[in-house]
Amino acid sequence: MIVSDLFRLAGQALVQNRRRSLLSLVGVVIGVVAVTCLTAIGEGGLRYVTDQFASLGSSIVIIAPGRNETTGGMPLGAGGIPNDLTLADARFLGRRISAVRTVVPVAASTGKIRHGGRTRQVPIVGTIAAFERMQNLELASGTFLPDSDMERGAAVVVLGHTVARELFGAEAALGQTVRISGSRMRVVGVLAERGTQLGLQIDETVFAPVASVMRLANKTSLTRLMLDLHPRAEQKRVIAQVRELLTARHDEEDFTCISQDAVMSSLSSILRILTLAVTGIAAISLAVAGIGIMNVMLVSVSERTEEVGLLKAIGANRRQILAIFLIESALLSLAGGVAGLVLGSALVAVGQALYPAVPLGTPAWAIGAVLALSLGTGIGFGVWPAWRAAGLDPVAALQGH
Amino acid sequence: MIRVEDLWRTYSMGDHELHALRAVNEEIADGEHVAIMGPSGSGKSTLLNVIGCLDSPTRGRYWLDGEDVAGLSDEVLAEIRLRRIGFIFQSFHLIPRLSARDNVALPLIFAGVAAAQRRTRADQALESVGLADRAGHRPSELSGGQKQRVAIARATVMGPKLLLADEPTGNLDSRSGAQVLDVLGALNREGKTLLVVTHDPAVARRADRVLVLRDGEIAKRVAGSNVTDLNRLFDFGETSA
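One line per chain: the protein sequences are X and Y, in this order. Number 305 in numbering that gives the first Met the number 0 belongs to position 306 of the first sequence; there are no gaps in the numbering. Number 30 in numbering that gives the first Met the number 0 belongs to position 31 of the second sequence; there are no gaps in the numbering.
What the hints contain is simulated information worked out from the structure, not anything from laboratory work. Hints may be right or wrong, so weigh each one.
Unchecked claim - Computed footprint of chain X on chain Y; a stretch qualifies when at least three of its residues, placed anywhere within it, have a C-beta under 8 Å from a C-beta of chain X:
1) 124-137
2) 178-185
What the hints assert, rightly or not - Just a sample of chain Y residues kept apart from chain X, beta carbon distances all over 12 Å, derived:
3) 30
4) 40
5) 54
6) 78
7) 80
8) 90
9) 142
10) 144
11) 174
12) 188
13) 198
14) 208
15) 214
16) 228
Stated by the list, open to error - Some residues of chain X that are not near chain Y, with every Cβ distance over 10 Å (derived):
17) 44
18) 108
19) 199
20) 243
21) 250
22) 261
23) 287
24) 315
25) 355
26) 386
27) 393
Quick reminder that beta carbons are idealized off the backbone N, C-alpha and C, glycines included.
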């Protein structure tokens, strides 16, 4: 017996019953399309998040004021307000931790920005020149904040894309003066359009030197300290150093360290579990499709009872007849799998065209799994019909019963 | 050579038993042409199926070429049918989606013959039944006589010594029936043993011997040349009630 000949026999039988074969394929196609699209969306989301983190720059540790823990009772120094994170802390950490390239202080506030007759309420971020490199910002015109001492608050601003458009329209913003909470400040740069990034709407934001923002907002505390690390620095070690140094300096651990790695890995694992769960549900539809295939194969066997009888009369044994029908159902489901994969990929491509921001893409493992699963469905649900065919009594089968 | 001894084939029909064959004893020599006749339900086809290893006897012995085949496994019986026996049926049993050539080549697939050789052997078999020019046609494009000759080519393509035909001319007009019988006769003269189940005296007359069955037993053995009409053949010397 030559396997390729059995494939040909099975294929001819399927072509003979074109319409029925196609209809039974539909179930498999739907299941496979669902799995393909859902894994593409899940994988796309994961890559989107990863890319967002990657665009934050190489390696960052973030320090926020306040102890952000839900366990235990009141922190030591109970009742006390946590110490501020100050520019002095920033300078201190920059001096003491060698793995840190730059300490980037961030003071976030909101305020009114005015030019001519137009006023807008905007988020204002006070920071230093290094913020540009760390966040991979791109400028449409001018420069980012001047690279000067962080204590010096020059009266300059950099406008987000939307802010510049709304205040100045077609007019060039560069070199113009705006008023922020009453203070006159000169526009030294306008950012290129960027979109939302991890919740920060950069296009809507105004950037100014950190000292200026703290003075305008009348604040002494920073919102964040971002440690821009050397590329090969170990984030865990840096966090340990920060804990030790800053706890000693503040007399208590009144801050929270977040490493980019930790946030990213927990986000990825959440997304991955979600993707698997949704895909699992989609895969159930393949089992339903398998029952459809079994039904079609049972019909096929009973329609071709005489044919089975003949094959037995001319010398086909049980194994060969079993193989013919198993190959038939396997071909059927595999064809459905391939068609579903093609259709699913087309849908993913359409979705990609509609939402270019999210990098959709069915992962290779999902393609392999979906083909294996549809093939398995065909074989698994084809066993019973094929077994029935192989077990037919030749004399009765030849007479059609 | 075929030898059966005390051969029974019994079907249990709920509360009673039906004996399709009862205590059949017979010997058929190599190269013989034997017709099996009898009223309907007399066990003709059952005898043919048992001899063809398609059905197993309930009791008794059966030697095919000296080998006791009565108790062999499905697998071995399939192998015997593949290599040593060729079947021809009243309703041809061609697979409609396959060409004449592919129908003829089917047994070669199960024997594991390579594609190129299959084609040659199938074409030779079709040529020997006078259908070389119909190799690419589907059964629906062939006449009844042609279909039966394709079936004969399929039965002989593996080169079996024994040909079993169950009413081979039953679905054919007399002219194409005669053609089919000529082909079978020629195969018999080449040395193949030929067993034909028929109810047609004209078919039986071509045989060397005729076995006449009644109620699962061989009631008469006559020479083929002595077959005239069914009334005389099926007159078993009893007065009807």
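Results of checking the hints against the structure:
Residue count for the stretch 124-137 of chain Y with a Cβ under 8 Å from a Cβ of chain X: 0. That is fewer than the three needed, and the coverage hint is violated. Counting residues of the stretch 178-185 of chain Y whose beta carbon lies closer than 8 Å to any beta carbon of chain X gives 0, which falls below the threshold of three, so the coverage claim is violated. No beta-carbon of chain X is positioned within 12 Å of the beta-carbon of residue 30 (chain Y); the least distance is around 22 Å. At roughly 14 Å from the closest C-beta of chain X, the C-beta of residue 40 (chain Y) stays outside 12 Å, upholding its exclusion from the interface.
Remark: the non-interface label on residue 54 (chain Y) conflicts with the geometry, its nearest Cβ contact in chain X lying 5 Å away (cut-off 12 Å). A beta-carbon of chain X comes within 12 Å of the beta-carbon of residue 78 (chain Y); the shortest separation is about 7 Å. At roughly 4 Å, the least C-beta separation between residue 80 (chain Y) and chain X is not larger than 12 Å, which violates its mark as non-interface. Listed as a non-interface residue, residue 90 (chain Y) fails to keep its Cβ farther than 12 Å from every Cβ of chain X; the least gap is roughly 8 Å.
With a least CB separation of 20 Å from chain X, residue 142 (chain Y) remains clear of the 12 Å interface cut-off, as annotated. Remark: the non-interface label on residue 144 (chain Y) is consistent with the geometry, its nearest Cβ contact in chain X lying 19 Å away (cut-off 12 Å). For residue 174 (chain Y), the non-interface assignment is confirmed: its Cβ lies about 26 Å from the closest Cβ of chain X, beyond the 12 Å cut-off. No beta-carbon of chain X is positioned within 12 Å of the beta-carbon of residue 188 (chain Y); the least distance is around 24 Å.
With a minimum CB-CB distance of about 17 Å to chain X, residue 198 (chain Y) clears the 12 Å threshold, and the non-interface call stands. Non-interface status of residue 208 (chain Y) relative to chain X is upheld: no Cβ of that chain comes within 12 Å, the nearest being about 25 Å off. The non-interface label for residue 214 (chain Y) is consistent with chain X: the shortest C-beta to C-beta separation is roughly 19 Å, beyond 12 Å. Every C-beta of chain X lies more than 12 Å from that of residue 228 (chain Y), the closest at about 29 Å, which supports listing it as non-interface.
Taking the minimum C-beta to C-beta distance to chain Y, about 48 Å, the non-interface status of residue 44 (chain X) holds against the 10 Å cut. Residue placement check: residue 108 (chain X) keeps its beta carbon more than 10 Å from all beta carbons of chain Y (closest about 79 Å). Here residue 199 (chain X) stays apart from chain Y, with its beta-carbon at least about 66 Å from theirs, past the 10 Å limit. Residue placement check: residue 243 (chain X) keeps its beta carbon more than 10 Å from all beta carbons of chain Y (closest about 77 Å).
A cut-off of 10 Å between C-beta atoms confirms that residue 250 (chain X) is not in contact with chain Y; the least separation is 88 Å. With a least beta-carbon separation of about 62 Å from chain Y, residue 261 (chain X) lies farther than 10 Å from that chain, consistent with its non-interface assignment. Separation of residue 287 (chain X) from chain Y is adequate, the least Cβ-Cβ distance of about 30 Å exceeding the 10 Å criterion. Separation of residue 315 (chain X) from chain Y is inadequate, the least Cβ-Cβ distance of about 5 Å not exceeding the 10 Å criterion.
The Cβ of residue 355 (chain X) sits about 49 Å from the closest Cβ of chain Y, beyond the 10 Å cut-off, so the non-interface label holds. Listed as a non-interface residue, residue 386 (chain X) keeps its Cβ farther than 10 Å from every Cβ of chain Y; the least gap is roughly 14 Å. A beta-carbon of chain Y comes within 10 Å of the beta-carbon of residue 393 (chain X); the shortest separation is about 5 Å.
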